[in-house]
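J.: Construct the entire structure; sequences and hints are all you get.
Take a look at the letters that make up each chain.
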Amino acid sequence: MTVLPTNFVPEPLATSAAATVTLLAPTARFSLRVWPEDRARLSAALTLELPVTIGQRARGTAPDGTEALCVGPDEWILVAPDGAGPAIEAACGDAYCDAPHSLVALPDREVSVRIEGPKAAELLTLGCPRDLDALIAGQGRRTVFDGVSVILWRDAAQEFRLDVWRSFAPHVLALLETGCRELALD
Amino acid sequence: MLLIHCPYCDETLPEAEFAYAGEAHVARPLDPSSTSDEEWRDFLFIRSNVKGDHFERWRHAHGCGRFFNAVRDTVSDRFLTTYKAGAPRPDLTALKDAAE
Ligand SMILES: [Zn+2]
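Line by line, the protein sequences give chains X and H.
For the first sequence, position 84 matches number 84 in full-length UniProt numbering, and the numbering has no gaps at all.
For the second sequence, position 58 matches number 58 in full-length UniProt numbering, and the numbering has no gaps at all.
One or more hints might be untrue.
Said to hold, decoys possible - Quick look at which bits of chain H chain X covers, simulated, 3 or more residues with Cβ under 8 Å: (1) 1–9; (2) 53–66.
Stated by the list, open to error - Counterexamples of contact, computed for chain H against chain X with all Cβ distances above 12 Å: (3) Ser34; (4) Ser36; (5) Asn49; (6) Ser76; (7) Thr81; (8) Lys96; (9) Asp97.
Simulated from the structure, these hints should not be mistaken for lab results.
Heads up, the beta-carbon is just placed ideally off N, CA and C, and yes, glycines get one too.
T.: Encoded structure:
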């Protein structure tokens, strides 16, 4: 089944006493790969300090500036408001000769949902085998949700963002909707 | 479910995030065209199939994406250690002493 970006309308998907699942509006999104010796140059270009510990996040100085999540020893996910993509591409492009890197735009490869509410963490255990207590608010991880690779951001104790590849989204979102309903039953 | 320590993420995580990737320290011949058919066959297909402590590769597929090495007892499934790709093969006796 082809799943098009236009299939996703930002709106609440499920609400219960347990949790609320909301499909978020599109954002600018990139995968950045760069060697350690060139990281400082890219940090300067992005006006944020690329974190070196896997799972750590950093945000640019602007109020809703670019946010970077370290997902591998030389790999980051960048997220910025919709429309900020060309500026990021230009800034990194200027640094390319000094600091060779790979910057791949993936704005609509994934869709994002916010999961919040008193049982938000419990809802995620439906598909996520990790110990979520070890994922501290303000951090993020690439992990697995019911067999699907996802990026999981913990924004607060009971507030998460989940980035899911678009073609897997119908499965993951249906599971979250079911869980949202069932967790409110007891 | 096994719990596996990723040496890059420095976290002990559920097996579901990882993919097994065969025996470790199998080096590709530096000059493949000079190897005999038998040597090439051995490189491609012949593995030690250890019963006991096995040096093996894993990949943190749903995580940092890195390949790394591990020593796992194939009988008990107990991991003695994991270490980064490219690091030397650890001394098995020292590992087992440390695990006691
Ligand atoms: Zn890892």
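J.: Does each hint fit the structure? Answer for all of them.
T.: Results for each hint:
1. Using a Cβ-Cβ cut-off of 8 Å, 3 residues of the region 1–9 of chain H lie near chain X, which meets the minimum of three, so the contact claim holds.
2. For a cut-off of 8 Å, the count of residues in the region 53–66 of chain H with a CB near a CB of chain X stands at 6, and the three-residue condition holds.
3. Residue-level check passed: Ser34/H sits 33 Å from the nearest beta carbon of chain X, beyond 12 Å.
4. Every beta carbon of chain X lies more than 12 Å from that of Ser36/H, the smallest distance being close to 38 Å; the non-interface claim holds.
5. Separation of Asn49/H from chain X is adequate, the least Cβ-Cβ distance of about 29 Å exceeding the 12 Å criterion.
6. Its beta-carbon lying about 21 Å from the closest one in chain X, Ser76/H satisfies the requirement of being farther than 12 Å from that chain.
7. Non-interface call for Thr81/H relative to chain X: holds, since the shortest CB-CB distance, roughly 19 Å, exceeds 12 Å.
8. For Lys96/H, the condition that its CB be more than 12 Å from all CB atoms of chain X holds, with the nearest at approximately 28 Å.
9. Asp97/H, annotated as away from the interface, keeps every beta carbon of chain X farther than 12 Å; the closest lies near 30 Å.
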